[in-house]
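Number of protein chains: 2
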Amino acid sequence: MAKEISVVSQYPSKLQVQGENFDPKNLVMTTAADNGKKESNGAPKDTYPAFPGWYADVSWPGEAHIYKMEKIIFQGKSEFQELLVFESSRHGKVAILDGYIQLTENDEFAYQEMLTHLALCSIPNPKKVLLVGGGDGGILREISRHSSVEHIDICEIDKMVIHVYKKFFPDIAVGYEDPRVHVHIRDGIAFINSVPEGTYDVIILDAFQPMGPIAEVLADKCFLESVAKALRPGGVLSAPADSLWLKNFVVADTIANCKKIFKGSVNYAWTTVPTYARHFLSNYIYLSKF
Amino acid sequence: MAKEISVVSQYPSKLQVQGENFDPKNLVMTTAADNGKKESNGAPKDTYPAFPGWYADVSWPGEAHIYKMEKIIFQGKSEFQELLVFESSRHGKVAILDGYIQLTENDEFAYQEMLTHLALCSIPNPKKVLLVGGGDGGILREISRHSSVEHIDICEIDKMVIHVYKKFFPDIAVGYEDPRVHVHIRDGIAFINSVPEGTYDVIILDAFQPMGPIAEVLADKCFLESVAKALRPGGVLSAPADSLWLKNFVVADTIANCKKIFKGSVNYAWTTVPTYARHFLSNYIYLSKF
Numbered sequence: 000m001a002k003e004i005s006v007v008s009q010y011p012s013k014l015q016v017q018g019e020n021f022d023p024k025n026l027v028m029t030t031a032a033d034n035g036k037k038e039s040n041g042a043p044k045d046t047y048p049a050f051p052g053w054y055a056d057v058s059w060p061g062e063a064h065i066y067k068m069e070k071i072i073f074q075g076k077s078e079f080q081e082l083l084v085f086e087s088s089r090h091g092k093v094a095i096l097d098g099y100i101q102l103t104e105n106d107e108f109a110y111q112e113m114l115t116h117l118a119l120c121s122i123p124n125p126k127k128v129l130l131v132g133g134g135d136g137g138i139l140r141e142i143s144r145h146s147s148v149e150h151i152d153i154c155e156i157d158k159m160v161i162h163v164y165k166k167f168f169p170d171i172a173v174g175y176e177d178p179r180v181h182v183h184i185r186d187g188i189a190f191i192n193s194v195p196e197g198t199y200d201v202i203i204l205d206a207f208q209p210m211g212p213i214a215e216v217l218a219d220k221c222f223l224e225s226v227a228k229a230l231r232p233g234g235v236l237s238a239p240a241d242s243l244w245l246k247n248f249v250v251a252d253t254i255a256n257c258k259k260i261f262k263g264s265v266n267y268a269w270t271t272v273p274t275y276a277r278h279f280l281s282n283y284i285y286l287s288k289f
Numbered sequence: 000m001a002k003e004i005s006v007v008s009q010y011p012s013k014l015q016v017q018g019e020n021f022d023p024k025n026l027v028m029t030t031a032a033d034n035g036k037k038e039s040n041g042a043p044k045d046t047y048p049a050f051p052g053w054y055a056d057v058s059w060p061g062e063a064h065i066y067k068m069e070k071i072i073f074q075g076k077s078e079f080q081e082l083l084v085f086e087s088s089r090h091g092k093v094a095i096l097d098g099y100i101q102l103t104e105n106d107e108f109a110y111q112e113m114l115t116h117l118a119l120c121s122i123p124n125p126k127k128v129l130l131v132g133g134g135d136g137g138i139l140r141e142i143s144r145h146s147s148v149e150h151i152d153i154c155e156i157d158k159m160v161i162h163v164y165k166k167f168f169p170d171i172a173v174g175y176e177d178p179r180v181h182v183h184i185r186d187g188i189a190f191i192n193s194v195p196e197g198t199y200d201v202i203i204l205d206a207f208q209p210m211g212p213i214a215e216v217l218a219d220k221c222f223l224e225s226v227a228k229a230l231r232p233g234g235v236l237s238a239p240a241d242s243l244w245l246k247n248f249v250v251a252d253t254i255a256n257c258k259k260i261f262k263g264s265v266n267y268a269w270t271t272v273p274t275y276a277r278h279f280l281s282n283y284i285y286l287s288k289f
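Residue numbers (numbering that gives the first Met the number 0), protein chains in the order written: chain X, 0 to 289; chain V, 0 to 289.
If you are wondering where the hints come from, they were derived from the structure by calculation, not from laboratory data. Hints may be right or wrong, so weigh each one.
Straight-line C-alpha distance at most 20 Å; calculated SDA-like pairs for lysine to any residue [what the hints assert, rightly or not]:
#1 X:158 / X:72
#2 V:165 / V:78
#3 X:259 / X:232
#4 X:70 / V:60
#5 V:70 / X:60
#6 V:126 / V:177
Here chain X is said to cover these stretches of chain V; the calculated rule only asks that three of the stretch's residues, wherever they fall, bring their Cβ under 8 Å from a Cβ of chain X [claimed, not checked]:
#7 66-76
#8 88-101
Beta carbons: idealized from backbone N, C-alpha and C, even for Gly.
Isolated chain X (complex conformation) (with noise of 0.2 Å):
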């Protein structure tokens, strides 16, 4: 059992805390009901029971997914966010940052590769690549893969993220060792408005939960203009998209609002991660800029 487990919670004072050995300690909680889920508006917020050494990814009120945490590996936090790692009973390292589970080592490689290699597999030898997010570097070792990339950035605001990667998560994070590959660390909008225009070929999002929700970020106009313009003509933009199973499925307005900007054609493609079963079953959405 977990020794050094703080509360990861948004509704610490809601807590349904029973127990004789209960020790809020031991407690970790997390929900992402208010990410942008607006079907979860109305849903009562008191209503999360306690499971001590236990992780409860709470999708909505009245749903969890748990994992038992065999042993905590890390816990930190940056001047952004929190960071939690610990091995998982199956799943091996399961990476929580801010509460919401970011990824786990059993199925990490279906997000990473479906975000990659769609877009790079839709033009001809893309040479400059910019992801954005991505700190674990998962996504890096995919781009990695195509050898007629010749230059990537990753513009990551938080270091921590990258430090912890690096020496938890080795198989991840090996993109960072790619010699084409230039972290900056930075704010991605900042970074994608200070690129000159029609930089590059392949632009990756991957930094939705510090932007926002999905379905929000795809909807602002302003900052699709600004990755638009970060791309050459016939440049491709990836990013995660909202799921086919969410209640007010905003996928067909979220293609509308991209369509305004980005004049090639808007393809929205899925595959399966368990691990995101219920928030979004993995959609993502390729953008083409003419």
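Position chain V against the provided structure of chain X, taking the given hints into account.
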């Protein structure tokens, strides 16, 4: 909060029961760890938390999906199994059979549609269909949508299941209202063995929990020979299959086994059913006899 909830657990003696407000009557817990998932062998079985008022769908030790039981609607035991129906916070009514989650109103359609339509659409004008299990009626509902079908037999061993679904899940059990449906309360294997050779155009299996683990049932030569005998030449069998996310991925073996008996094509297809996300992400196998 539910008032009359019994303990439905495979490991009641090993539960870590704690908390002054804890009432064993409020615990509903199950595990699918021993349901043919060999990969779970060797994992500790004494590592479940207690969640009063929540149903825990334990994929394997150390991981579970939990649903808050807003209201217990039905609880009963037949000579074959125990059935629990509760109202969940987000997924409508949820049915639990012998501790295993059967379906939620939210996404049952995806499972029923996939088991039915690929099979019935794979041959021209299917006329006679057998459903083994599927007592909820949802697959009947889907079969009924095919106008070429003249006769539908359902062989369900447990009339309690039919009764409960008709009473509490009218949108699913609506399948029974079709006049082409003939209900047989019998053991499925005995029924298949009793019908004349070449009786059916399509046989759909939805009875694996009572029959055994998916991989084992589809590796049983005698059973597959019985099914093949009951099908007309060119007829099709449709059945759930294992997930591509299971660590001991056995679908290739299953297909190889089935090909020995079914001389036609053997195809594997999959969709997503959030309820089954960890278990098998709803995969299906379609076999035709030539």
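Compare the structure with the hints numbered earlier in the document and write down the numbers of the violated ones, lowest to highest. none
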